[in-house]
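Undergrad: Okay, so the sequence shown: first residue is 0 according to numbering that gives the first Met the number 0, each after it adds one.
By construction, these hints were calculated from the structure, which means they are not laboratory data.
Warning: the hint list may mix true and false statements.
[As the list claims (entries may be wrong)] Simulated pairs of lysine to aspartate or glutamate, EDC-like, Cα-Cα distance not exceeding 20 Å:
(1) K46 x D2
(2) K46 x D177
(3) K46 x D79
Because the structure is a prediction, the values reported are computed rather than measured.
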Amino acid sequence: MLDPAGALFWPAGRLLVVADLHFEKGSAAAVRGALLPPWDTRATLDKLTTLLRRYAPQRVVALGDSFHDAGAAARLQPQDHARLTAMAQATPFTWVLGNHDPAPPAGLPGEAMVEFRAGPLVFRHEAVNGPASGEISGHYHPKALVPVRGTAVSRPCFVSDGRRLILPALGAYTGGLDVRDPAIARLFPRGGRIFLLGRDRLFSFPYGAFRADRDRMT
């Protein structure tokens, strides 16, 4: 089940899956002199709270880049740290390691691993090259540009071909990579479908149409 918030819920396994939370990206930018409102972690936790209430999962799998950098967990505001700790104590968290967070988050509950397997599914941060079966991943923050009423709207999206699925980023300050980019397109040589995030629903489009558009532009 794909949720318009950008998460996946697997009823058979009672798993809630989210990708690329990028906690404390705002504070990382502030260290470099970019003054952004420091509320991204709180906004992302609000999304996660809503999803936990909606699905009441038995486990949360976070597909890597949950923390923007190695020091992000230590930069959590006390109330945000307490809130995330309470979530992970109430529902077991599996922290899949990503390129931004290759080590487990210090001082927070949950288990960390390179990939997580459950039944026929494998959950990892970045999709592997070549054929896949039952692969769920994040990393690319996919988005699509769709024409709407004489203009165009860019929105995060899921990408799937029935064998692999890439989730959009759930983090509040995350950007996105266009689905026409070769880094994503190479993973879906036979096409598939795009599921664009709407306010309360998903909008499905054939991925082939986006690939053809990319080919016309190059």
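Undergrad: Each of the hints needs a verdict: does it hold here or not?
TA: Results of checking the hints against the structure:
As the CA atoms of K46 and D2 are separated by approximately 11 Å, the hinted pair is consistent with the 20 Å bound. Restraint check: the Cα-Cα separation between K46 and D177 comes to about 23 Å, which exceeds 20 Å; the hinted pair is violated. Between K46 and D79 the alpha-carbon distance is near 13 Å, which keeps this suggested pair within the 20 Å criterion.
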